[in-house]
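Asker: Here the protein sequences come in this chain order: X and Y. Quick note: the first sequence uses the working numbering, first residue 289, plus one each step. Quick note: the second sequence uses the working numbering, first residue 24, plus one each step.
Any given hint could turn out to be false.
[As the list claims (entries may be wrong)] BS3-like mimics (lysine-lysine), calculated; alpha carbons at most 27 Å apart, straight line:
(1) 102(Y) to 411(X)
(2) 411(X) to 111(Y)
(3) 382(X) to 111(Y)
In case anyone wonders, no lab produced these hints; they're calculated from the structure. These figures come from a predicted structure and were not determined experimentally.
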Amino acid sequence: MVSGKFLPLPYFLLDEELGILDYSRSASDIFLIGDNFITLVDEESRQKVSQYIQPDFSEIEIELNMKTKYDPLAVFGISVKWEGNKAHILCVEKTKEVDNLSGQLIKLRSRLSDTDFELLEKKEELEDAIERIHKLSGPFIPLYAEAGLVPLFGDLQADKLRVIEENILYRIDEGDYEQVFFDFHAVGEITDEGKKQLGQLFETIQLMGTKTMIVGLSPSQVRGFKSKGTVKAPSMASLKQAISEYIKKQNHK
Amino acid sequence: MTEAWQHFAAALLAGDERQAYTILIEDTRPSIRVYKEIITPAMYDIGEKWLRNEITVADEHLATSVCDFALAQYTFQFKQRNRRSEKKAMFLCLEDEQHVIGSKMIAALFEENHWQVRHLGPNLPLSDALKSAEQWHPDVIGLSAAIPYRITALKEYIAAFEQLSWEPQILVGGRVVAMHDLRAYCGRQTRVIYNLDEVSAWLDEKTEAPADGVR
């Protein structure tokens, strides 16, 4: 029989118990060779060895994790051929290919998570921008020491009003205002939830001892305002009129 | 009847990320059960298939990647405005460790509970991990290890993180914790996590803690 000594790949000749009878020089270059093939195999691959390297499978290819001199967990493709009660085994290392593959997959993965992350960042930026716009849609402008104006802009939804409300209540509380004008001239649609929220806002302000005056609310917007706060708030058609009446009253005092 | 996890495993091995994602997102179970009852058994099954010589290592890697992709899409729904949350958790896999799915599922549970979460990914050298921790000061550091021969490295990671000045809680999980008793390596700040239910219970504990009003 031709010896496998000079085969350019790790080669083993094994008996039925997987005892090593012979091996190639390439094998001893890579592996620390003991008595039995199983000692070269990673513990978690050993089950596979006992199951598949046996005479019932006269010719088979399997993959094993093996311990080399350089790597405690190297992937090998193993080709097995039985000749009577002896097995010829060739081992081809695949670690490099597997590493390349997993390297590429990791790159893809990290790109994926970067994309996810960027998307998320953009989403949060957008949410911040929306919140900022909401805040700017209802600024509190001090007119006199005791009166302030809140011009409202755009469509009014509950979430927008919640943002506006926080600022307004803070300013009223801080400034000891007697009267606040809410100017609706630049307002488009008001959602039902928005109307509820507005009513609550007026009620809160009234509870704080400050009068609310609604200005420029159009008839189509008025429908659906049911809360106490809104009902209690007097209204006027124009801001000019509202302010001049306020001044007149002040002068009479 | 074929179970959802079997369909999921088949989609992973077929490289069909759309199908894999669809199986997850259309399932009505709460997320923790999706992780426990679909993703986990599917990934174990894929490992078993390699042992049965039915698939190659390359197939396994591909399946893992598809799983990662599907999981990332599935957990995206929980990525909400946690940026302002005060609770921060960082997760990583040891150097030379690619088994990332388990810790991603745990990271997702944290996100769902309104923690700020960073997953630093697989194969992270200790020096890099420490640098990230120093910069970000997470309250929790989750370590994941799957390969038994890396246990000495795991020990080093635990010891290094236990030295951090603000004393973060360290959670250690992954396949090795079922194979070896790690408690001897763990100090007061470190806890070994054996499964997703434990994480979930731990998170509940943390969430409920301030309710006693004595914080």
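Asker: Which hint numbers doesn't this structure obey?
Answerer: The structure conflicts with hint 3 only, although it agrees with all the remaining ones.
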